[in-house]
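Trainee: Listed below are the residues making up each chain.
2 protein chains.
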Amino acid sequence: MTAKGLATRQRIVIAAALLIREKGAAETTLDDVRAATSTSKSQLFHYFPNGRTDMLVAVAAYEAEQVLDAQQPHLADLTTWRSWQAWSRAVLNHYTELGNRCPLGSLTSELGKSSPEAEAVTVALFETWEAALVRGAETLLKDRNLAITRARSILAAVQGGVILLQVTGQVGYLKDALTSSIEPLRPAAPSQRQASR
Amino acid sequence: MTAKGLATRQRIVIAAALLIREKGAAETTLDDVRAATSTSKSQLFHYFPNGRTDMLVAVAAYEAEQVLDAQQPHLADLTTWRSWQAWSRAVLNHYTELGNRCPLGSLTSELGKSSPEAEAVTVALFETWEAALVRGAETLLKDRNLAITRARSILAAVQGGVILLQVTGQVGYLKDALTSSIEPLRPAAPSQRQASR
Numbered sequence: 459m460t461a462k463g464l465a466t467r468q469r470i471v472i473a474a475a476l477l478i479r480e481k482g483a484a485e486t487t488l489d490d491v492r493a494a495t496s497t498s499k500s501q502l503f504h505y506f507p508n509g510r511t512d513m514l515v516a517v518a519a520y521e522a523e524q525v526l527d528a529q530q531p532h533l534a535d536l537t538t539w540r541s542w543q544a545w546s547r548a549v550l551n552h553y554t555e556l557g558n559r560c561p562l563g564s565l566t567s568e569l570g571k572s573s574p575e576a577e578a579v580t581v582a583l584f585e586t587w588e589a590a591l592v593r594g595a596e597t598l599l600k601d602r603n604l605a606i607t608r609a610r611s612i613l614a615a616v617q618g619g620v621i622l623l624q625v626t627g628q629v630g631y632l633k634d635a636l637t638s639s640i641e642p643l644r645p646a647a648p649s650q651r652q653a654s655r
Numbered sequence: 459m460t461a462k463g464l465a466t467r468q469r470i471v472i473a474a475a476l477l478i479r480e481k482g483a484a485e486t487t488l489d490d491v492r493a494a495t496s497t498s499k500s501q502l503f504h505y506f507p508n509g510r511t512d513m514l515v516a517v518a519a520y521e522a523e524q525v526l527d528a529q530q531p532h533l534a535d536l537t538t539w540r541s542w543q544a545w546s547r548a549v550l551n552h553y554t555e556l557g558n559r560c561p562l563g564s565l566t567s568e569l570g571k572s573s574p575e576a577e578a579v580t581v582a583l584f585e586t587w588e589a590a591l592v593r594g595a596e597t598l599l600k601d602r603n604l605a606i607t608r609a610r611s612i613l614a615a616v617q618g619g620v621i622l623l624q625v626t627g628q629v630g631y632l633k634d635a636l637t638s639s640i641e642p643l644r645p646a647a648p649s650q651r652q653a654s655r
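Residue numbers (the working numbering), protein chains in the order written: chain V, 459 to 655; chain E, 459 to 655.
No lab work stands behind these hints: they were computed from the structure.
Keep in mind it's a predicted model, so treat the numbers as computed, not measured.
Relax, there's no trap hidden among the hints.
Here are some chain V residues pointing at chain E (derived, C-beta under 10 Å):
hint : residue
1    : G482
2    : E485
3    : S567
4    : I606
5    : S611
6    : L613
7    : A614
8    : V616
9    : G627
Below 30 Å or equal to it, Euclidean Cα-Cα: the simulated DSS-like pairs (lysine-lysine) are:
hint : chain 1 : residue 1 : chain 2 : residue 2
10   : V       : K481      : V       : K571
11   : V       : K481      : E       : K571
12   : V       : K481      : V       : K462
13   : V       : K481      : E       : K481
14   : E       : K499      : E       : K462
15   : V       : K571      : V       : K499
16   : E       : K481      : V       : K571
17   : V       : K499      : V       : K462
18   : E       : K462      : E       : K481
19   : E       : K571      : E       : K481
20   : V       : K499      : V       : K481
21   : E       : K571      : V       : K571
We put the beta carbon where it would ideally sit given N, CA and C, even for glycine.
Turn these sequences into a full structure, and let the hints steer you where they fit.
Mentor: Pasting the structure below:
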């Protein structure tokens, strides 16, 4: 595919992703995407030979990227308590801004179930995400198994907080879930550390 | 409505709920429900005058009840650490058993968005659920604001753990999320309590 072709394909994927965040995957047809991108049917099938299914896989991959990008640069370096706090603030801001039209919600509610390929994209996202959280937690906790437990509970906290934001419109669940779930990574205050020596 | 009428209506609601857990709300038509319950079109419209929308609201209400019932009797009396542990085990067993065909997943992924009425049912479920968690947490923590924070993070943990179970097929997220989120409610061990006196 030429550079121009890739750019057009990406333009279609982004437009489809925004439509799906807005209306849901079930309600978004190829015709909606054509209308939103001013492309022809033959152009769409040129970029997505198997039609809708192909397009939804491409959108899932794009949304998975968005989920991770929104957490950078913090996610790549969660080696200090300060960076966990910065990460937590970035996550909270990201979802507060997007409300119930977010890439993560799109992926887990419908997009990720649209085909085995889309499901694989979603599972891979959670694996990458979890691995980054485990790496950071392990640096602070010095215990791999405990780090895995904490990372998984942090991942569930974000996920649950986002769903509750979507359902109730309140960001408080995500805020409290983030605060509580990263708390065990906070190093003991110096005075306490000395006291326990 | 007669007792017999109510029973028939309930039979239809339960059958529809199971179909929706299995195939999703978008894929479940009134014809599917008719076929599964051996009812006629006129019978369905007798019980649900506005058709599909009405039926989905009734299914949402039924599923919300199922979500709470699965947590009883523990949810009604979370006043001891022991009862929090029993509750946590019950939740884990319930979702491990149901896997990705659970009432909570049905509600938050599609059902709860099917109409303003269904959304109100879902929001009411989370309010009732949260209130029960807050009551229990407050007994143990003796601090209402902290109890609210903990309750909200526990609610998000369950929600996120269930979504991750649905997406990845692994129950470990829910397990770790439950363990980590209720941990702050565990009373200090007697020895520690004495030491801090």
